[in-house]
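Using the sequences and the accompanying hints, generate a full structural model.
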Amino acid sequence: MSESRSPESLAAEFDAFMKRSGVTVPPERRPVALAGYADLLTQIALLHGRYSHVAEPANVFRLQPVERG
Amino acid sequence: MDTQDLSIAEMGAALRAGRVTAESLTHAALGRIEARDPGLQAFLLVTRDRALADARAADAERAAGRDRGPFHGIPYALKDIYDTAGIRTTCHSRLRLDNIPAEDSVVAAKLHAAGGVLLGKLATHEFALGGPSFDLPFPPARNPWNPEHVTGGSSSGSATAIAARMVRMAMGSDTGGSIRGPAAWCGLVGIKPTYGRVSRRGVFPLSWTLDHCGPLSRSVEDSAITLQVLAGYDPLDGACADVPVPDYRADLERGVQGLRIGVPRAFFATASATTPDVLGCIDRTIAQLRAAGAVVEDVTLPDYALFAAAGRVIMMAEAFAIHEADMQTRLTDFGELTASRFVLGAAITASDYINALRARREATDAVNDVLSRHDALLTASGLGTAPRFDATVDNRAAASPMQTIPFNVTGHPAMSVPVTLASNGLPIGVQVVGRPFDEAMVFRVGRAIETLSGWERVALPSFPG
Numbered sequence: 014m015s016e017s018r019s020p021e022s023l024a025a026e027f028d029a030f031m032k033r034s035g036v037t038v039p040p041e042r043r044p045v046a047l048a049g050y051a052d053l054l055t056q057i058a059l060l061h062g063r064y065s066h067v068a069e070p071a072n073v074f075r076l077q078p079v080e081r082g
Numbered sequence: 003m004d005t006q007d008l009s010i011a012e013m014g015a016a017l018r019a020g021r022v023t024a025e026s027l028t029h030a031a032l033g034r035i036e037a038r039d040p041g042l043q044a045f046l047l048v049t050r051d052r053a054l055a056d057a058r059a060a061d062a063e064r065a066a067g068r069d070r071g072p073f074h075g076i077p078y079a080l081k082d083i084y085d086t087a088g089i090r091t092t093c094h095s096r097l098r099l100d101n102i103p104a105e106d107s108v109v110a111a112k113l114h115a116a117g118g119v120l121l122g123k124l125a126t127h128e129f130a131l132g133g134p135s136f137d138l139p140f141p142p143a144r145n146p147w148n149p150e151h152v153t154g155g156s157s158s159g160s161a162t163a164i165a166a167r168m169v170r171m172a173m174g175s176d177t178g179g180s181i182r183g184p185a186a187w188c189g190l191v192g193i194k195p196t197y198g199r200v201s202r203r204g205v206f207p208l209s210w211t212l213d214h215c216g217p218l219s220r221s222v223e224d225s226a227i228t229l230q231v232l233a234g235y236d237p238l239d240g241a242c243a244d245v246p247v248p249d250y251r252a253d254l255e256r257g258v259q260g261l262r263i264g265v266p267r268a269f270f271a272t273a274s275a276t277t278p279d280v281l282g283c284i285d286r287t288i289a290q291l292r293a294a295g296a297v298v299e300d301v302t303l304p305d306y307a308l309f310a311a312a313g314r315v316i317m318m319a320e321a322f323a324i325h326e327a328d329m330q331t332r333l334t335d336f337g338e339l340t341a342s343r344f345v346l347g348a349a350i351t352a353s354d355y356i357n358a359l360r361a362r363r364e365a366t367d368a369v370n371d372v373l374s375r376h377d378a379l380l381t382a383s384g385l386g387t388a389p390r391f392d393a394t395v396d397n398r399a400a401a402s403p404m405q406t407i408p409f410n411v412t413g414h415p416a417m418s419v420p421v422t423l424a425s426n427g428l429p430i431g432v433q434v435v436g437r438p439f440d441e442a443m444v445f446r447v448g449r450a451i452e453t454l455s456g457w458e459r460v461a462l463p464s465f466p467g
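Line by line, the protein sequences give chains R and W.
The first sequence lines up with residues 14 to 82 when you count with my numbering.
The second sequence lines up with residues 3 to 467 when you count with my numbering.
Quick caveat, the hints were computed from the structure, so don't treat them as lab data.
All C-beta atoms in this analysis are idealised placements derived from N, C-alpha and C, irrespective of residue type, glycine included.
Careful: at least some of the hints might be erroneous.
[Said to hold, decoys possible] Calculated cross-link-like contacts (lysine to aspartate or glutamate; reagent style DMTMM-like; alpha-carbon spacing at most 25 Å):
hint, chain 1, residue 1, chain 2, residue 2
1, R, Lys32, R, Asp52
2, R, Lys32, W, Asp244
3, W, Lys112, W, Asp244
4, R, Lys32, W, Glu338
5, W, Lys112, W, Asp253
6, W, Lys112, W, Asp239
7, W, Lys112, W, Glu150
8, W, Lys112, W, Asp51
9, W, Lys112, W, Asp69
10, R, Lys32, W, Asp335
11, R, Lys32, W, Glu326
12, R, Lys32, R, Glu21
[Said to hold, decoys possible] On the chain W side, residues computed to face chain R include the following (Cβ under 10 Å):
hint, residue
13, Arg96
14, Arg98
15, Phe269
16, Gln330
17, Thr334
18, Ser353
19, Asp354
20, Asn357
21, Ser425
22, Leu428
Next up, the structure:
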């Protein structure tokens with residue numbers, strides 16, 4: 014995902030998330046945070062497009078006891 | 003006799019036989035801390051008066067005929083995210099320098115009730131994340147095998163204190179590998195019990211659904227004795243499970259004859275960072291287990307990258323929710339590395355988080371399926387040995403050379419066991435994983451590996467004093 018994005022596009026997106034969250038990242042800390050964001054996006058990409066509607070998340074409760082194999 | 007080299011069971015036997023007292027054990031530990039900690043920086047706070055009071059109380063009780071069990075009179079220490087009533091608990095952070103809890107965490111209360119002797123509070127990476135960092139109120143702990151190398155995190159002080167023989171057992175916490183990683187890199191045993199086995203109440207959270215409490219120690223038996231004290235239902239911890247606790251030492255010496263052990267080889271064999279030392283040590287361990295009568299075979303799990311992605315997204319989203327107010331109002335009070343990781347949680351969408359939870363279900367089902375045909379799994383704890391501090395300063399992407407986070411995502415019990423020294427003289431550990439709430443099998447297989455590997459004959463680092 015992030016490989017095809019320009020640094021400016023990634024930075025703008027990151028800044029939008031920070032603004033919405035009310036977080037101000039000081040300029041001297043921004044490069045490290047941005048590098049982490051680019052790396053995180055590569056991992057997030059692995060999670061999307063993988064599941065159909067029948068794949069439920071782990072927080073949908075199962076009422077039976079823990080399976081012991 | 004150097005009492006610092008006695009196992010917990012041996013200390014208990016010596017106490018019951020009257021060969022030592024809890025007070026003499028405590029003085030020995032305090033002396034060792036005084037001599038070694040200045041260069042290693044494991045302790046944020048040494049609770050000398052509390053330790054001596056605990057020790058004298060244990061001795062008085064024993065003299066009066068009361069025996070609280072195997073932990074009675076045994077010195078220990080706590081990672082500084084465990085609340086301790088009346089004792090500063092900082093999370094190694096500028097944000098909590100003045101925090102003095104009113105109550106003990108459940109773990110601290112259980113160790114106290116078992117007659118343990120609290121030596122102090124230990125270094126961590128800030129809020130059990132980040133690190134190693136030099137912009138925090140306390141320096142990072144250093145690896146006793148070579149102080150120019152990191153311990154791994156975040157239970158850094160716990161690993162340092164044990165490997166330097168200041169204390170035999172110390173509590174850590176494990177959200178992505180923070181018990182098993184430092185254990186592997188410092189030549190120790192570290193167990194992350196099943197999610198729900200040990201109460202997390204009173205432990206500062208990093209990620210509610212990934213956090214686990216567990217001990218680091220010198221041996222599998224030490225860990226089994228400690229978990230016996232800690233395990234059990236806490237109705238006030240919503241995640242704690244009401245599941246019977248077996249005798250963790252009952253099967254320790256049964257060996258692996260007839261057991262089936264699966265090896266998810268692709269986890270470590272396909273990772274570019276895996277060192278030949280690690281590959282060799284896994285293969286040697288497999289050969290030793292086979293020679294001891296186990297059936298060891300490769301198994302297939304989902305890609306490691308899926309586990310890692312799910313774990314990181316869940317961790318960052320939950321951590322940001324925990325720290326959101328402080329991130330909005332006092333971000334620069336966090337260390338730079340910690341803040342650079344926590345802010346990423348603000349950039350995770352609801353869809354990202356929910357897809358991570360779908361991956362968690364897929365991963366958990368896959369591990370349960372493999373464990374329906376195998377008694378345990380064997381894999382690497384880490385891909386290499388502890389790096390030098392100066393090789394970690396640019397570690398901004400949170401990429402981990404550990405192989406531990408899959409079992410935080412799935413909640414299975416997992417333990418790192420030391421097996422050998424690499425060609426650079428630093429320790430390597432392997433990881434044993436079991437079925438939910440079957441820590442007894444993890445201990446049994448781990449104990450076999452501990453014996454077969456010859457690790458018990460490896461000398462720990464030596465120090466003057």
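Here is what the structure says about each hint:
no. : hint                   : in the structure
1   : R/Lys32 with R/Asp52   : holds, 20 Å
2   : R/Lys32 with W/Asp244  : violated, 43 Å
3   : W/Lys112 with W/Asp244 : holds, 17 Å
4   : R/Lys32 with W/Glu338  : holds, 19 Å
5   : W/Lys112 with W/Asp253 : holds, 24 Å
6   : W/Lys112 with W/Asp239 : holds, 15 Å
7   : W/Lys112 with W/Glu150 : violated, 36 Å
8   : W/Lys112 with W/Asp51  : holds, 20 Å
9   : W/Lys112 with W/Asp69  : holds, 15 Å
10  : R/Lys32 with W/Asp335  : holds, 19 Å
11  : R/Lys32 with W/Glu326  : holds, 13 Å
12  : R/Lys32 with R/Glu21   : holds, 16 Å
13  : Arg96                  : violated, 15 Å
14  : Arg98                  : violated, 20 Å
15  : Phe269                 : violated, 15 Å
16  : Gln330                 : holds, 4 Å
17  : Thr334                 : holds, 6 Å
18  : Ser353                 : holds, 7 Å
19  : Asp354                 : holds, 5 Å
20  : Asn357                 : holds, 4 Å
21  : Ser425                 : violated, 30 Å
22  : Leu428                 : violated, 27 Å
The structure fails hints 2, 7, 13, 14, 15, 21 and 22 (numbered hints given earlier, in ascending order).
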